[in-house]
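K.L.:
Residues per chain are reported as follows:
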Amino acid sequence: MATTTNTADTVVAEDGVRRRDFIEIAAVATAGVGGIFTLIPLVSQMAPSKDVLAESSTELDISSLEPGQSIKAMFRKQPVFVRNLTQAEIDAANAVDVGELRDAESLADRTIEGHENILVVMGVCTHLGCVPLGAAQGEIKGEFGGYFCPCHGSHYDTAARIRKGPAPSNLEVPEYSITDGTLLIG
Amino acid sequence: MIRLVGILVGLGFTFVVLLAFGSGALTVMGQGYLVEETAEHAFHEEAHMPAGGYSFDGLMPSWDLAQLQRGYQVYKEVCSACHSLDYVAFRDLAELGYSEAEVKAEAASWVVPGINPDTGEASTRPGMPTDYFPSPYANDIAAAAANNNAIPPDLSLMTKAREHGTAYVYSLLTGYQAPAAALVEEFPDSVPGPGLHHNPYFANLNLAMAPPLTSDGQVTYADGTEASVEQMATDVAAFLTWTAEPSLVDRVRLGWIVMGFLLFATILAWLAKKQVWANAKRKD
Amino acid sequence: MSFPWAKQYEPTNPFMKYLDEKLPLPRFVYNAVGAGYPVPRNLSYMWNFGVLAGFCLVLQIVTGVVLAMHYAANDAIAFDSVEHIMRDVNWGWLMRYAHANGASFFFIVIYLHIFRGFYYSSYKAPREMIWLIGVVIFLLMMATAFMGYVLPWGQMSFWGAKVITGLFGAIPLVGESIQIWLLGGYAPDNAALNRFFSLHFLLPFVIAGVVILHIWALHLPGSSNPTGVEVKSESDTLPFHPYYTAKDGLGLAVFLILYAAFVFFMPNALGHPDNYIPANPLSTPALIVPEWYFYPFYAILRAFTFDFLLPAKLWGVLAMFAAILVWFFLPWLDKSPVRSGRYRPLFRKFFWILMLDMAALFYLGGAHAEEPYIMLSQIATAYYFLHFLVILPIISSIEKPEPLPFSITEAVLGPDEKKAQGDSAGTAA
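Residue numbers (numbering that gives the first Met the number 0), protein chains in the order written: chain A, 0 to 185; chain B, 0 to 283; chain C, 0 to 428.
The following block holds chain A by itself, in its conformation from the complex (with noise of 0.2 angstroms):
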């Protein structure tokens, strides 16, 4: 209340100012410091809930896609695209000046190691999120062969990464591993 420091000049109290300031201080400060607290839950309960969280990785089975095929999957509730890519779609990623790019990735850094020809990213275009095209059978894949965003025209390469439009970063690589031809996401 815009009030509290009125509590001085409502009586004369002449040697008691100190112990009586002290006391309402921290019984106000007390108050503030419960409050405080219960703001915790009051945030945290619209963090992820638990089943949530458990939910965050995702399995594929990828030993029967062939080179050029795609695979749509989901991944914490957004799409992934798996793409085992074709040896002139490797070619044309390896022979891009890594220097010159927006976002300096070599594919080698967007794959692991054995498993370069399978490239995994969130199809979630780092602009502003929608969806980027060239994951499926005769979608545009925009003028560098990867993919392409409809929203506000990024073109992504063979390596998913940022060559042209607006978008800021390639696309993200997700954390995974691949065993025995199964992928693990997350």
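The hints are simulated quantities; they were obtained by calculation from the structure and are not laboratory data. Every residue gets a Cβ at the ideal spot worked out from N, C-alpha and C, and that includes glycine. Careful, some of the hints might be misleading.
With a straight-line cut-off of 20 angstroms between C-alpha atoms, the simulated EDC-like cross-links for lysine to aspartate or glutamate are [said to hold, decoys possible]:
{"no.": "1", "chain 1": "B", "residue 1": "Lys-103", "chain 2": "A", "residue 2": "Asp-60"}
{"no.": "2", "chain 1": "B", "residue 1": "Lys-103", "chain 2": "A", "residue 2": "Asp-50"}
{"no.": "3", "chain 1": "B", "residue 1": "Lys-103", "chain 2": "A", "residue 2": "Glu-58"}
{"no.": "4", "chain 1": "A", "residue 1": "Lys-49", "chain 2": "B", "residue 2": "Asp-249"}
{"no.": "5", "chain 1": "B", "residue 1": "Lys-159", "chain 2": "B", "residue 2": "Asp-56"}
{"no.": "6", "chain 1": "A", "residue 1": "Lys-76", "chain 2": "A", "residue 2": "Glu-174"}
{"no.": "7", "chain 1": "B", "residue 1": "Lys-159", "chain 2": "C", "residue 2": "Asp-87"}
{"no.": "8", "chain 1": "B", "residue 1": "Lys-103", "chain 2": "B", "residue 2": "Asp-130"}
{"no.": "9", "chain 1": "B", "residue 1": "Lys-103", "chain 2": "A", "residue 2": "Glu-54"}
{"no.": "10", "chain 1": "C", "residue 1": "Lys-312", "chain 2": "C", "residue 2": "Glu-370"}
Interface residues of chain A toward chain B, partial, derived using beta-carbon atoms under 10 angstroms [unchecked claim]:
{"no.": "11", "residue": "Ala-30"}
{"no.": "12", "residue": "Glu-54"}
{"no.": "13", "residue": "Ala-94"}
With chain A held as given, fit chains B and C onto it using these hints.
P.N.:
Showing chains B and C alone in chain A's frame:
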């Protein structure tokens, strides 16, 4: 005027309710007793805790993880044949002290409904930590058909859905017995018919569930504890307390912290109030 | 809107001065619950419950809005979504227990607030409007609480909805149509659950609005006090802040201890185990009762078991509503010029009988519908109506009140009339 109408209305309601009282009193006097004695009144027994009590009971609760694991084993090997555990997921078992790998293995030991990825038809697959415990029956009709029309209730919340739930589960499981001679004599209608079983801890004394824990050693405990009927009932009641209220221990512990804080705040508020009001007295 | 000696809001900070010109909200708060509101100096702790009730309303709205972020009002998954809150949502169990027990504590506070009003005749002129608005708030609270209890969609939720809407079925001719309209079906189902959720979310804000009217009406005559003697001079009052903010702060702290004891140590003690069983239209629980705060009215409802001119069911419904509506007429039923029960010996005796009667009704409303509870509830119901409609009007005309103190100051400091008068003369001058 309002008062006059009020008095009349008041007397009206009073008259009608006293008429009801009179007719009730006449009935009671006519029959000579207040409430007809029933078998439930005479032979129902109050649920009680096992002799040793529980670690989660009382003001300083904690979970006995070994006991919860044993109780889970009893649920898995005995209860789950008929009873579902809808609100519990395999991932929750981590709270019983199982490691991540053990939770995975435990989940995989259950068969859950799935979808054949090639045909889209309903099929089954091993469970994953994110799956919930599967129901033993496809639906209520199947459950009723398989159990003489008595649907086995879900057990996730059983200890909260009954008065003194933990004691109730324990008492019920260990309380099967032949009806007392006095009951047979006085209340022949309350003697269990075919497919029913006498249990003084069950509300109407006649329970469709056959005694589930019948012999010592029915379960072979992984931790080597001797699996007496008493022990199994104690353990599974503990497990079901956890399934019903997994936050119990955390809740009470947090409660003490909050209480401590509030007590401190109350003392300060009292001192502050005294200080402020001292001025009011001084003024005159 | 206040006493002439009320302190004036005088902002010193330039920003507060600017704000006071453009939007005098701080001034408004200062006059409402700050140093600008002079309050009788002799208020006891029974006057804490207004502020506590306001706290409870805020508590319920905050926890309720949080729960609504996770709850799903659909009969197929409502029960599951509550369990989701209890098990998976971060701090969900705390939010739900805080809300469920918060409702109970809101009613504890409100009942004490109302009983305080009975004893000190807070309903008498010039405060009739405060009282009438208060009864409206109580009715809104009952509706809100009832609909909230339906939302978890457990057994008690379902059967509570069925039984309470069944009350409207007692209305002659149109009753059944009204019941079906209320539920949007022949029995509680998804339609009923959804509208109850919608209204349960809306009504607390309506209550908040009516609470503002309640406080507005209070500030015209100012607070009543334990002597029932009106404020005469400045020495009779103290500024709300810091005196009553400090006193209410202490009351709030004690309240929170009791409340936290329930939330953390026995969160289900005030609920019913049956509500942890999902709603089942095929089986009624053995003992079907509402939440404890409805027990007195439920006992009155069940007390009427005899057809006399009208069917017993209709008598029960009429009596139950009349039991609350009678409170609206209190200012005109009790004509005694003396307010406080402290100076009314006869009234005081009957007041305590009423409290015993209420306690009996609280107990009987939760008991099994069998003898001797039915006969006892019939006697308790008879006294309830006799008290408000017959005894109160009669004693208010025949009673000889004890002498009143000259002023509040005198009541506080003892019967030193010279001093008290000198004091008041001094401040008047």
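K.L.:
For each hint, tell me whether it holds in the structure or not.
P.N.:
Tested hints:
no.	hint	verdict
1	B:Lys-103 - A:Asp-60	19 angstroms, holds
2	B:Lys-103 - A:Asp-50	16 angstroms, holds
3	B:Lys-103 - A:Glu-58	14 angstroms, holds
4	A:Lys-49 - B:Asp-249	16 angstroms, holds
5	B:Lys-159 - B:Asp-56	14 angstroms, holds
6	A:Lys-76 - A:Glu-174	15 angstroms, holds
7	B:Lys-159 - C:Asp-87	18 angstroms, holds
8	B:Lys-103 - B:Asp-130	11 angstroms, holds
9	B:Lys-103 - A:Glu-54	14 angstroms, holds
10	C:Lys-312 - C:Glu-370	19 angstroms, holds
11	Ala-30	7 angstroms, holds
12	Glu-54	5 angstroms, holds
13	Ala-94	38 angstroms, violated
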